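Peer 1: Residue strings, one per chain:
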Amino acid sequence: MTPRRNQLSRLLASFLGNPTAVLGAGITAFMILAATLGAALMPYGPDHTDFLDLLSAPSLSHPFGTDSFGRDVLTRVLYGARVSLLLSATGIAIAASAGVALGMVSAYKGGYVDMLLMRFADLLFAFPSFVLALFLMVVLGFGALNVSIAIALTYFPIFARLGRNMTLLVREEPFVQAARLMAEPTPLILMREILPNIAAPLIVQATIGIAFGIVIEAGLSFLGVGVQPPTPSLGVIMADGREYFARAPWVLTMTGATISCALLGLNLFGDGLRDLMDPRLRQRTQS
Amino acid sequence: MPRSALYLTGRLAGALLTLLAGALIVFVVIKAAPGDPALAVLGENARPELVAAFRHAHHLDEPLGVQFWIWLSGLLHGNFGLSLTIAGGIPISELIAARLPITAFVGLYAVLMAVAISLTMGTVAALRRGRAIDTLATSIAVLGISMPDFWLSYMLIFALALGWHLFPAYGFISPMDSISGAFHSGFLPALAIAAPMAAVFSRMLRTSLLDTANREYVTVARSFGFSAPFVFRHYIFRNALIPYVTVIGLQIRYLLGGVVVIERIFGIQGLGSLMVDAVFARDYPTVLACTIVFLTVVLLVNFAVDLLCVALDPRRST
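Residue numbers (numbering that gives the first Met the number 0), protein chains in the order written: chain A, 0 to 286; chain B, 0 to 317.
Source of the hints: derived by calculation from the structure; they are not laboratory data. Keep in mind that the hints are not guaranteed to be accurate.
[Claimed, not checked] Footprint (simulated), chain A over chain B, 3 or more residues, beta carbon under 8 Å:
id: 1; stretch: 19-32
id: 2; stretch: 133-147
id: 3; stretch: 252-259
id: 4; stretch: 282-292
Predicted model, so just to flag it, every value in this text is computed and none were measured. Note that the Cβ used here is the ideal one computed from N, Cα and C, for glycine as well.
Based on the provided sequences and hints, a complete structural model is requested.
Peer 2: So, in structure tokens, the structure goes:
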């Protein structure tokens, strides 16, 4: 067995030994499967209306009940989860690639570039995240794509900071020095030597970031400034359920419960991954 | 000047610079927003001379730099300009003066709740580490973090307002009218905002307490034969509070974000609902003003946290 594979199997064993992490990974995997494939298994379409079956309570044929148009809420939640997950993941992907790239360059260059970029990140970070997202929606205009951009801009400073701090830790390591001595071009050093060695905390942050993005999407769409109906997103369905919450509480309740489950899975998974990568921290917090 | 004063002056200067840069950025960015404010107020078919007069009255015909300067010097005098569409022509400062105390009340109420819950939960979890109650507290904390506050609001409304009629489901009595009424009608919104924060705080406090308990000076104190409660109070708790207080400062960003949605849900006429109304009305100056006020609150709270940290641990300032 090569050393690398040995290390991987050790990581896997340690991951499987952490019940919360496994639970988190399980919930997350189930949620992703449900969001991607689940909708296809449902007998109804997301816009299939049945005016003989309005606002009916959860039952076997409609596990999450129906809404004011007689649409099956579970089907809509599955479609909505797909939209919400896609928007959040897109936003976080943009935030991660832009933030990490700038953070790495910032740490590697130092000097003015570093100071300016980090001040900018700090500035964005000082705004209340949801207020910043709301402000961006006014400037960009309401709509699904702009939700992703708002998520990206509000989460960008976190990745920029993290990317910078991790690069500072790694850049003095012997293998980076060696690459520099061999006169490897800077972009190559950043991509081949540094990035793989700082990837772990970035992945943890991305997991938590996707949970954050889902909440931002739901919040913006819930207020009516995010994804616009009839496109179902989790926030849109909740905003809809809010209208008749007293008469049919299940629409909002079940949609929110789905979000909570997804967040629970992502949070547990993220915590588990973090423990895995930093055994010292785990010892400190658990022993 | 003592070191701590020097340190705090530096922090304050940094906060003011951040505020200035923040004001510049949001001002420039919102000028790029679609739509002409003049047409938004006067209608699409307004007569050109009216539009020109409006643009002149609101300094929209000046270069961007001059516009920013006029706006900024007004800001320094507490003058945010005039609202456009939301409350036609009323000074925004009046709107904010009416709304800010309400948001401040709900926000403080939520922070106090979160602190009360987390001090109890975090301390109990740390003292009974590994026992059932620790597992319970930790599980509740993970659940708390995973519930979006606006969803939690509705669950609270469902159980405590529609079910048991303990609290009103909608509406808020201003603390200026009735203090007890404000505490009663503000309970559900404050709890909805507080719950996720309490979860974060108590996790932080637990970690921080356990971390501090393993420090050498604590072992030394124990070896002197001090009683466990004495060591806890004087050696562990105080030092563990520093990261805890810092996290409270960091969470203010999320708290204020939560306030925006929760105010809408409960019909609280605070700064958050003012901002959302302004967003829908495309009242750019009001959106701008609200954003700046929110930023100022974050910076003020973080400065207060700095003060508190220096008071807790004078070494910090060196």
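Peer 1: Can you give the numbers of the hints that this structure goes against, from lowest to highest?
Peer 2: none
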